[in-house]
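Protein chains: 2
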Amino acid sequence: VSAATRRVRLDLAYDGTAFAGWQVQPGSRTAQGVLEDALSRLQGGGAVAVRGAGRTDAGVHARGQVADAALSTELDDADLAYALRRMLPGDLRPLAVRTVGSEFNARKAALGKTYAYRVDLSPHADPFRARFALHWPFAFDRVRVEAGLARLPGRRDWSGFAASKCRVRSRVRCLTEARIAAASADEVTFVFSADGFLHHMVRNLVGTLLAIGRGQLEPEQIDRALSARDRALAGPTAPARGLCLERVVYPAAVEPSADPH
Amino acid sequence: VSAATRRVRLDLAYDGTAFAGWQVQPGSRTAQGVLEDALSRLQGGGAVAVRGAGRTDAGVHARGQVADAALSTELDDADLAYALRRMLPGDLRPLAVRTVGSEFNARKAALGKTYAYRVDLSPHADPFRARFALHWPFAFDRVRVEAGLARLPGRRDWSGFAASKCRVRSRVRCLTEARIAAASADEVTFVFSADGFLHHMVRNLVGTLLAIGRGQLEPEQIDRALSARDRALAGPTAPARGLCLERVVYPAAVEPSADPH
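Line by line, the protein sequences give chains P and H. The first sequence runs 1 to 261 under this note's numbering. The second sequence runs 1001 to 1261 under this note's numbering.
Only chain P is shown next, with the shape it has when bound in the complex (with noise of 0.2 Å):
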C-alpha cells in the first residue's frame, strides 16, 4: 500500500544567482523546479506540485521563501527534512519542513512579505558581498534618500512602481514597512513589508531611492509617480542581484507549533 498523503510546509532559503527564478519554465533551472524534482523521487516517482509563497525572479535571493506540496512518504519530517538537506543543491535549502494542515496555502494564507535589498556602496566592490548586493559607487545622500522612504509607507495604487507587463486585477498595496534597516559607510540595507507586492514593485522603488540619492530625481517625485500612476515617472529598475525575500508572514493560527526540523 501506498503511503497517505499530507501536506508538508517548507521554509527555503535559496542563492538565487543560478536560478532563472522560483517558477518553473521547461528548460531553465528554477527553484520550484529543482525542490519538485526532489520531491518527486524522495517519494518515487510521481508529479508533485510545490505551492510558493513569493514567486521571486531570476537572480533574486531568498532567505524565507515559505512553499506547501502535498506528499505521499513515510518519511516522518526529521526524516524529510534530513533527506532533502542531502539531495537538494547548496544553493537551495530547506530551512525547516513541517506537517501542517491540509487546507495549508503558503500563497493563499499569507499575510505579508518582507523584501530586503543591499546595496555596497564601496567604492571598490567587496567581492564577499557581490553575489548579494548591488554595487554602487556613486553619491548616496541618506537624507534625501530618507525623504523618498518617509513617502511610501500606506494603502495605495502602486502602478507607478509596477513592471508594465504586471497584469493583475487591483494593484493596491498596503506598505507597512520601508525604512533603511542597517548601514555603515560602505553598506545599505533597505526592508520593504507589505501585504503584497507587485512584479517589479521592489526593485523599482530601489532604483527611484539611489536616483533620488544620488541627485538624479528630487524625492517629490515619489509622490508624482503615484499620483499618476505612471512608472515612466518613477527611477529604473534595480539590478536582482540585491533583493532578497527575508520573510512571509501567516496568521498564527497557521504557524506551525512543532519545532521545526
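Calculated directly from the structure, the hints in this document are not laboratory data. For glycine and all other residues, C-beta sits at the position ideal for the given N, C-alpha and C. Careful: at least some of the hints might be erroneous.
Cβ-Cβ distance ranges computed for the label pairs, FRET-style [what the hints assert, rightly or not]:
#	chain 1	residue 1	chain 2	residue 2	range
1	P	Glu187	H	Ala1139	31 to 39 Å
2	H	Phe1138	P	Met87	13 to 21 Å
3	P	Glu187	H	Arg1041	26 to 34 Å
Which stretches of chain P does chain H cover? Using the computed rule of at least three CB atoms under 8 Å from a CB of chain H, they are [what the hints assert, rightly or not]:
#	segment
4	13-27
5	87-98
6	118-125
7	128-136
Here are some of the chain H residues that sit facing chain P, going by a computed Cβ distance under 10 Å [to be verified]:
#	residue
8	Ala1013
9	Tyr1014
10	Leu1084
11	Pro1089
12	Ser1122
13	Pro1123
14	His1124
Model the placement of chain H on the given structure of chain P, informed by the hints.
Same frame as chain P, but now just chain H:
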C-alpha cells in the same frame, strides 16, 4: 620619455573560490597572476613583479592581503586605483593603492598576520555563507573547543601543525591570538594571529579543534602534537573555503600616512 618607476602598495580583497591560490602558476588563474597582468597592461606592457605578504592556498580568501610592485606609470595613486577597479575582475578587488618608499617589501616588512576561519554550524547549510565558510553540521562542544584554543598561544615549534611538505628552516612562530571571535547558535568564527604561519597551519589547527569539539580528540591532543612535533598526532586539515587572510600588520613607520585611494 617613460614614466619614473615608483613602488606601490596594494591592499586587496579576494574571493578565493575561483583562484588556484595567490602565487603565479603557469596555466592556472592565480590572484598574483591576474594582478600582474592588469598592472602590466596598465603601464603599457612590460613584466610587473608583484610581491604578496601571504601566499594563500587555492580556495583561501583574503579581506586584507597586502602586495607591492614597482610600476612605471604617470597615473597618480587615485587614478591608478580607479583604473585597477575597472580592470580587475569581481573576485579580486583593490581596496587601497598607495605610493610607498622604494624599500617597502610587503612580505619582509610584515610583523604579523591575522587569519579567520568561518564555520557554518546550521543543519541545513546556509547558501549565503557557502562560499566563505565550512559547513559543519556535527556536534560542536564549545567548552571543549575553548579548552583546545587555550593551549595554543605562545612562541613554539609548530611542526605538529605544519603540512608535511612544509620546507622552512625554522618552524618556531609566536601565536598571539587564538580565539572564537564571533559565534551564534549556528555560526562560529575562529581568529588566529601570529608573527607568521607555517603552510596549512591554520587549517590544521581548525581541523583539530573541530575534532575536539565533536568528541573525536581530547583537548590534550594539542599538547601531544606540539611536544612530539608530529603532524600525525593532530587532526585533519580543514577545507580551504572557510579560511580568510584578514589583516597584515606592519610597523607604524612603514604604514602609509596618506589617505588610501
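A quick look at each hint next to the structure:
Range check, Glu187 of chain P to Ala1139 of chain H: Cβ separation about 34 Å, and the 31 to 39 Å hint holds. As the Cβ distance of Phe1138 of chain H to Met87 of chain P is approximately 20 Å, the hint placing it in 13 to 21 Å holds. Look at Glu187 of chain P against Arg1041 of chain H: about 31 Å separates their beta carbons, and that is inside 26 to 34 Å. Counting residues of the segment 13-27 of chain P whose C-beta sits closer than 8 Å to any C-beta of chain H gives 3, which meets the bar of three, so the coverage hint holds.
Only residues whose beta carbon comes within less than 8 Å of a beta carbon in chain H count, and the segment 87-98 of chain P has 6; three or more means the coverage holds. Three residues within the 8 Å Cβ limit are the bar, and the segment 118-125 of chain P against chain H gives 3, so the coverage statement holds. Only residues whose beta carbon comes within less than 8 Å of a beta carbon in chain H count, and the segment 128-136 of chain P has 4; three or more means the coverage holds. Proximity of Ala1013 of chain H to chain P holds as hinted, the smallest CB-CB distance being about 5 Å (cut-off 10 Å).
Among the interface hints, the one on Tyr1014 of chain H holds; its C-beta lies about 6 Å from the nearest C-beta in chain P, closer than the 10 Å criterion. Satisfaction of the interface hint for Leu1084 of chain H is found here, the shortest Cβ-Cβ separation to chain P being roughly 9 Å, below the 10 Å cut-off. Because the beta carbon of Pro1089 of chain H sits about 9 Å from the nearest beta carbon in chain P, less than 10 Å, this interface hint is met. The interface hint given for Ser1122 of chain H holds, since its Cβ lies 8 Å from the closest Cβ of chain P, which is under the 10 Å cut-off.
For the restraint placing Pro1123 of chain H at the interface with chain P, the shortest Cβ-Cβ distance is roughly 7 Å, inside the 10 Å limit, so the hint holds. About 5 Å separates the beta-carbon of His1124 of chain H from the nearest beta-carbon of chain P, less than 10 Å, and the hint is met.
When the structure is compared with the earlier hints, no violation turns up for any of them.
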